[in-house]
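S.K.: Sequence:
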Amino acid sequence: VMGLTYGECDRLAKMIPNELKMSLEKALKQSPDLKKAYETEEATRELIDTAFVLEDISRNSSVHAAGVVIGPEPLINLLPLKQDEDGTTVTQYPMGPVGDLGLLKMDFLGLKTLTVIRNVCEMVKKTRGVDIDIDNLPLDDQKAYDLLNKGNTVGVFQLESGGMRDLCRKFQISSVEHITALVSLYRPGPMDLIPDFIERRHGRVQIEYPHPLLEPLSKETYGVLIYQEQVMQAAQVLAGYTLGAADLLRRAMGKKKVEEMAKQRASFVKGAKEKNNIPESKANQVFDLLEKFAGYGFNKSHAAAYAIVAYQTAYLKANYPLEFLSAMMTNDMGSLEKLQIVLNEAKAMGVEVLPPDVNEGSLAFGPTPNGKSIRFGLAAIKGVGEVAVESIIKAREEGGSFTDLEDMCSRVDTRTVNRKALEALIKCGACDCFGENRATMFSRIDNALARGANIASDRARGQSSLFGAFEDAAPQKAEPNPQLPEWPSNEILAAEKELLGFYVTGHPMTPYVPLIEKFCLHNSVTAKTLASRTVTRIGGMISGMQQGFSKKSGKPYAMVTLEDLEGTVSILCMNDNYDKYKDLLVAGKALLVVGEVNNDEDRPKLFPQEIMPLDDAPRKYTKQVHLRLDAEVMDEEKFVTLRDVVQANSGRIPVYFCLRYPAGELVYIEPHERYFVTPSVGLQRTVNDLFGDETYYAKADLSLPERQRKPWERKQYDNNGGGDE
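Sequential numbering of the sequence shown, starting at 1, is according to this note's numbering.
Keep in mind that the hints were calculated from the coordinates and are not lab data. Since the model is a prediction, treat every value here as computed from it, not as a measurement. Take these hints with a grain of salt, some might be off.
[Said to hold, decoys possible] As a list, the in silico DMTMM-like pairs of lysine to aspartate or glutamate whose alpha-carbon atoms are at most 25 angstroms apart: (1) K150 x D600; (2) K170 x E160; (3) K275 x E215; (4) K338 x E491.
Hey, can you work out the whole structure from these sequences and the hints?
M.R.: Here you go:
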């Protein structure tokens, strides 16, 4: 509107302090740069004066996600209504005026977790014959608490974020009351109390109560007033408030109305004096404390309900892991990204997830008959769909297992199990039970569908084959095509990953295992246990990447998902690193990343210092090359061949010959530096091919890389004249 560029607005925005509830007036007082710009720049002054007019005006209308308004008569008689974009009837008044009119506002929350719990209970009943009374679980199950205290909370309601997992490990939960408290504390505001709460829990800090009368009502929370109900009880016990009056006090404290708070303070001080002879100064001190806690106090009844659901999911996961994971996978099978998280959790728990199978799989995920693994749900295959799966299961139940592709197509409804569905089933391995390779089956899809359509057409007309009157047999299928060569391994794996979210027949990183084991210091799992700011080396393949532009600097960045055999880790590449390494950030490329670990957030990250192709790791991190040779087979010709190979790979890394004699003697030869080499996978392969497996041995540099100081840290270091940081 005013014609200002993005850069000009961004410059001013950065001058505003990054604090909650910041206003333009406060920003002008707190930021000297903004104040100077306002006073000396005409365009800035005009912009801020205009912003003063617009500040606090609603920028848009929105609908509460779960709010329902209830009245004693049709709402059209009580307040204005309208239809939103989806045709739902909503009020035109916001929540404040709705409450002022005396109408009841209720939040009805729909939790997918409740569906998971129900499905687990039904599955346990079916597979184990055990009825789980989910509403009357024993609340002292040690397996459940052990699971929480180890931080194995993926899928556990309210406790599965990275911060919550860390909090569970530090706190060491032993009761549902503990879960209730953590659910209430892990929010902006009361999070500041968490360190002290943990110290009090373990007896490392003495518990002190502002007044002895507060001990009974805050003992379970170690003297910290966490809940709104505690604030109300405190007013009742100390100052003789009724519960109704205490609720009005809680509301006034939460809304911070100055005039109302002054009245409440006077009433509280007076009541404390009359009921418990508490001096005015002490009463004011306690009132200040109650006001502080009421500002972010949580409703205990709400938190307790959440804590019970959290405990129920922890109990089911600890005691019935196969059924719990199956239900979680079924719940998330509409999103491969979410499904991958649960698949990784199953792997971490040692639970095998078997690939999909048209002869054994069901619509959803479920435990196998032996109770030791989980079978992948057919409906979770991308591109298949539930209707097609239902047709497959119905045909299998009516006529038994399918013998081959043609048999399946002749018995299912090919209008739903169409070409797209068959392609997905074959490419992901669900048809491997037929005993043919995927390339061959893929080539026969059209013929199998045509034959199936003909048989279905004949069946619909009530016809049979020419020999149907003489023999009760299915029509003979055409002579099968010859077997085709199987697809390349990388194509098979890529299809499995795309359609299932995980690899079935192998892993594209398998060929790189020797390099990872030799030159990497940590993997995607162990890196997440390191202290933040530790520098390490990790190898993996790029399995995903999100690119964007920083809101602060406007520069491009990339959030890369690096996958190894154990799991994934996020790599944040920005600023100079993005410009330097962007050509390497290609999906499917195997990389070695040297970077600084950040495990302080929900999603651990690695900030790279250096990125290189994984194949370059030997050249960069080999200290010495040893060639172990059998002396009895080494003759002049072989030494000449060895010399030629070494000279063809000349470089700066020393090489040593280790001659092994039949009696066990070892003789080491250190050649001249002109025979130094450049270590590589190619050199290793050539030497081993010529002189036997395990001839080539690389001594790797396993020292931790040095952490690179940030520019501002280097400046501070230089100004101080020494020191670490």
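S.K.: So, for every hint listed, does it hold in this structure?
M.R.: Hints, verified against the model:
Distance check on the hinted pair: K150 and D600 sit about 17 angstroms apart at the alpha-carbon level, within 25 angstroms; holds. As the CA atoms of K170 and E160 are separated by approximately 15 angstroms, the hinted pair is consistent with the 25 angstroms bound. Taken as a hint, the K275 and E215 pair is honoured in the structure, with Cα atoms around 17 angstroms apart against an allowance of 25 angstroms. At roughly 24 angstroms between alpha-carbon atoms, K338 and E491 fall within 25 angstroms of each other, so this suggested pair holds.
Checked against the numbered hints above, the structure violates none of them.
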